[in-house]
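For chain R, the structure is supplied; the task is to place chain Z on it using the hints.
2 protein chains.
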Amino acid sequence: MTLATAPMTDQEPPPSAAEPASEADRLARAALARLFEADDMAMGRLLDAYGSASATWAALLDTSSPLPPKVTESWRTAARVQQKEHPPERDLDAARRVGGRFVVPGDAEWPDDRLAPLALGAPSEPHVPIGLYLRGPLNLFEATRRAIAIVGTRASTDYGETVACDFATSLADHDWTIVSGLAYGVDGAAHKGAFAVGGSTIAVVATGFDVTYPAGHKHLLDRLVSDGLIVTEKPPGTGATRLRFLNRNRVIAALADATVVVEMDVRSGARNTLKHARRLRRPVMAVPGPIDSPTSLGCHLEIRRGDAVMVTSASEVAEVAGRIGEDLAAEPVVPPDPRDLLPTQALQLLDAFPAQRSADLDALVEASRLPREEVERLLPPLTQAGFVEPASGGHRLTEQGRA
Amino acid sequence: MTLATAPMTDQEPPPSAAEPASEADRLARAALARLFEADDMAMGRLLDAYGSASATWAALLDTSSPLPPKVTESWRTAARVQQKEHPPERDLDAARRVGGRFVVPGDAEWPDDRLAPLALGAPSEPHVPIGLYLRGPLNLFEATRRAIAIVGTRASTDYGETVACDFATSLADHDWTIVSGLAYGVDGAAHKGAFAVGGSTIAVVATGFDVTYPAGHKHLLDRLVSDGLIVTEKPPGTGATRLRFLNRNRVIAALADATVVVEMDVRSGARNTLKHARRLRRPVMAVPGPIDSPTSLGCHLEIRRGDAVMVTSASEVAEVAGRIGEDLAAEPVVPPDPRDLLPTQALQLLDAFPAQRSADLDALVEASRLPREEVERLLPPLTQAGFVEPASGGHRLTEQGRA
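Chains as they are written, first to last, in the numbering used here: chain R, 35 to 437; chain Z, 35 to 437.
Isolated chain R, as found in the complex (with noise of 0.2 Å):
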């Protein structure tokens, strides 16, 4: 959509992912992100109409230009208040100071790939993020090249938990990294068991990455500040909002190559994660789990609907997410039972043989009424396969023949 009335002279090209984003860029990014939360209109409708954040930002502070049609005057006073009071330097100053930083798309660590099909569209679909704030030694590009998302509810059973915290364990193993909320319930343990590997986990978080919510997860904001990586959308000091984790959800999906939810009741708030993921035509996993455990119920829901695919352990979820040819899943290994392979005729003359007694040639030919050629020729392979052994008067059972 473009504004026809808008000034066009102001106008600068688009930054490209292929190119360095400007300084200017970069400030009126951040000034976006905090005025505006992620998937607002106006800011679709203004970013529409200037065609980039540095010409979009000067429009909202220049009382001169027009405003699209269906944006309010409050965004410009706003904005006006926001750029006295609180400059776009002032957030990225405090980015700094607690070891922070604000990408934008030029930038080497931005996901371009990753993040670019949020651009869906229509003016009402979640957008591609105007930046991210990330805190933590992990690039977010390198890190989000092998990455699974894995969500789930936060009232998570102890059942949910450990399938998170080894799922996340063993997919982090093979150099997955593993994407998840920070949460309490399911979130948390997928960071957890990243991290008793030593593996590379992301927290997408719905607040500014110096907030510590929810609270009982400040250890794990720590570690995640120390060995992994924290992405919001929002500025240093901003609080939660639903929106704002529902916004957040979409970016869980987009940096995953694919999302598995672990536990979910039906109303729970990864079910909005996994819409991001199918809109993305990222696949979506789920766990079963007990027909009669609340918290499997939502799993079972996608899985019989067809919209997400069953998987049972880690190994699967790495053969969906993974690229073709690669991570492919070991079937379960079934050592077959040898009786499974025998045909019809051994099972009926090893049924002929008396249970702890020898028997000779007449006697099972007799008993099982096959042809004496026919007996002669399984008495072989059946003693080869260790369910009979000869025996002083012909063969009798082994152990494995009477089990």
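Just so you know, not all the hints are guaranteed correct.
Copies of the same chain are indistinguishable here, so a pair counts whether it falls within one copy or spans any two.
As the list claims (entries may be wrong) - Distance condition first, Cα-Cα at most 20 Å in a straight line; then the derived EDC-like pairs of lysine to aspartate or glutamate: (1) K309 x D341; (2) K252 x D127; (3) K104 x D82; (4) K104 x D244.
Derived from the structure by calculation, the hints contain no laboratory data.
What follows is chain Z alone, placed relative to chain R:
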């Protein structure tokens, strides 16, 4: 397969399901049921050659009749000994003495539509039962008009037994007959679940119907004799062999519209039952469970391979087993979170409210940065939906709005 060298003069037309069985046919079938195991190739070759049970039995007893290739003379010896020492009348008498009966094709109680598909063509494939010994008040034909087989491992968990029992109870309550195998574990739980609501249940066993196997299920056997039905291919007094269990499984699958496995390790005999159900092109279902439970592993494998449909409730089982248009499973009722229905701007407006105080229109426009007319437009529906309420000085959040 027909035997060109066989004498055709003795042949009578094979009894069809439509015409009543002759007494000679019934006696010959009883004799063959005692002499042969259900899927014995020698019996298959004899029946193919002589065309009817009575002609087959007569040919076995008459030393001047040629035997088909690969059918050993020892069958003839065994048949003559059996005819002398244990003529079929004795089995039919023994069955009647305990209140049982022997039904054959052509009898009103013979469920030909269920069993005839077992004649799959190749002589090495499982055959249609030569006859069935029945004991119990249920009518086999009537009881198999709507029938579901519930099968699984003997080494079931509490979870599996609860599921098997609950499914059987609910299905029996909706006029489905439960078919299973009287074994410990899932089988026993299924029969008990059906009895819990006075439902119909059929046990297909590998022994004679007067043999208590397994010993711990004597009470269940007694209950089936008085209120259900025991079905077997073998005459009274017959013990169990491995081969008979395998043959029994095909009858379980054949008598039911569909088969559901509740718990199964990767080696469970229930796999064999599912294989028969698939051969018969009857729906196969599996119940998920905890991914770390070995007795759910086999179920998950069937689902993952696409060999079984995942089911998580009795109504889903009925839907899969049911005739089109009947027995539709209700989707789990998900009471929608009212917020799920709100557009982004409404969420934005709710986020703009102070937590406890009321706010007037100006404050809301300022805080939400939505156009004034948008705020005015959104307040009435948000009030009606119970998120906000009028208060002195404007509107404030309700408890639901703060949630």
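So, going through the hints one by one against the coordinates:
| no. | hint | in the structure |
| --- | --- | --- |
| 1 | K309 x D341 | within (9 Å within a copy, 27 Å between copies) |
| 2 | K252 x D127 | neither (23 Å within a copy, 80 Å between copies) |
| 3 | K104 x D82 | within (13 Å within a copy, 84 Å between copies) |
| 4 | K104 x D244 | neither (34 Å within a copy, 84 Å between copies) |
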